[in-house]
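Peer 1: Okay, here's what each chain looks like letter by letter:
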Amino acid sequence: MTFLRKLLGSLRSRPKNRNSFADEGWAKSKRFIVIGKGGTGKTTISSALARVLSSKGQNVLAVSLDPAHNLGDVLGYHLSTRPQKIDDHLIALELDLDEKVQRFVEKRLRQMRPFYGNLQIFNADKFLETIKQSPGMEEFAVLEAIREISAFAEKCDAVVLDTPPTGMTVRVLSLPDITLIWIAELMKLRSKILNRRAYIQNIEGPDVEINLGNDPVMAELRRYKSEIESTKSFLLGEGAFIFLVLQADKLSVSETERTINILYSNGYQITACFINRAPKGERCNFIYDSCGLSNLMKVYDKIPWIELPDLGRDISDHQNLLVLGDIICNFLDAGDVR
Amino acid sequence: MIGEDFFELLKKITKLQATDYVKAELAALEEIFGLLLLGSFIGLPAPSSGLVIRLLPHLGPELELLERRVAESDDLFAQVAGVLKI
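Residue numbers (the numbering used here), protein chains in the order written: chain A, 1 to 338; chain B, 1001 to 1086.
Rather than coming from a laboratory, the hints here were simulated on the basis of the structure.
Any given hint could turn out to be false.
To be verified - Here are the simulated lysine-lysine pairs, DSS-like style, with alpha carbons at most 25 Å apart:
(1) K1023(B) x K192(A)
(2) K225(A) x K155(A)
(3) K1015(B) x K192(A)
(4) K132(A) x K100(A)
(5) K1011(B) x K1023(B)
(6) K225(A) x K100(A)
(7) K1023(B) x K188(A)
(8) K188(A) x K225(A)
(9) K302(A) x K250(A)
Stated by the list, open to error - Only part of the chain B face toward chain A is listed, based on derived beta-carbon distances under 7 Å:
(10) Q1017
(11) V1022
(12) F1033
(13) G1050
(14) I1053
(15) R1054
(16) L1055
(17) H1058
Cβ atoms here follow ideal geometry from the backbone N, Cα and C, with glycine treated the same way.
Only chain A is shown next, with the shape it has when bound in the complex (with noise of 0.2 Å):
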């Protein structure tokens, strides 16, 4: 019960330090995650944003985590998982999450093949297989293609983030937490274990082995506690911003609603939510009452809503990106961010 506590309690909890990851390679660089329901224009207002950017001179690293990948139809390349030049500032990549957990699964199963040959409760072959597929595995490959971007991520001025949906992005994002827990109290329960080794060891003489300092159990947790403190840092530290983007329609608002609450929840402060293909004149009022918009504007008055105007069909245009950019620079800019 006092392990559910402690669960609950870390994901009502807000961050405390904000500054603890300064020495931290990628703190000079801004990271922007972009947020929302399938279909909003997540990867438009990705591209936009990264091209903008780019026009200004920064060192820009675009990168798509959404398996149905878009980023490379708007920026109008063919990208794949290795970073390809778009312009003289800008990267993108887009990441095969299937590839992923396939390669670091198969990497793990070569580690594991010559300790558990003998076992016969335990079918290594088959519990890999089974944990390929198991839930969680695709938010498991995001947080560490998060992890590979951070340290790709010192190199450039600024990172932007195209996610996938909202329901895997929110698991993603409350992923660190999580786990932190669970590594902390596996690593109570080895030192336990460590220290009973220790006490049968002084009194029996050396014959019994342990390593209370090498316990490779205990440095591998170790190793994936900073791991995980620093993706989460890249996630929630200062120069991360989170824009959530949505539509005026009432499935879109509703799923923004939700999210708005999970990401408070977890600690993420949202930056801005951006209403994407924001209708225009008279009309407008009537539709953003009629899908609830307006009253989820009230509610949450304190997160910047910025009206995105509709530029047509042909979002990968070079110039109406740059339109939609300037947009989101502006108010960047105005120093009404965080």
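Once you have looked at the hints, place chain B on chain A.
Peer 2: Structure of chain B alone, referenced to chain A:
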């Protein structure tokens, strides 16, 4: 000398008695550790799959212990009785 051997034997017996309970506790803790990581198979809350896979290459002894425990589980009472010297 017979006397020295006797005292050596006595020393060993005392040491073994002193660690019996700790060994039983250690075995239980190692089982819990293994169960926590593989608990999703029997419906226990489990850490993220990624964390489990990272630790698995280092958990050979714990899983062997779990395997032995499964084999001996039909005589669990005898095991507990043995530890408690009943």
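Peer 1: Hint by hint, note whether the structure agrees.
Peer 2: Hints versus structure:
| no. | hint | in the structure |
| --- | --- | --- |
| 1 | K1023(B) x K192(A) | holds (12 Å) |
| 2 | K225(A) x K155(A) | holds (24 Å) |
| 3 | K1015(B) x K192(A) | holds (21 Å) |
| 4 | K132(A) x K100(A) | holds (11 Å) |
| 5 | K1011(B) x K1023(B) | holds (18 Å) |
| 6 | K225(A) x K100(A) | holds (21 Å) |
| 7 | K1023(B) x K188(A) | holds (18 Å) |
| 8 | K188(A) x K225(A) | holds (13 Å) |
| 9 | K302(A) x K250(A) | holds (21 Å) |
| 10 | Q1017 | violated (10 Å) |
| 11 | V1022 | holds (5 Å) |
| 12 | F1033 | holds (5 Å) |
| 13 | G1050 | holds (4 Å) |
| 14 | I1053 | holds (5 Å) |
| 15 | R1054 | holds (6 Å) |
| 16 | L1055 | holds (6 Å) |
| 17 | H1058 | holds (4 Å) |
Consistency with the previously given hints fails for number 10 only.
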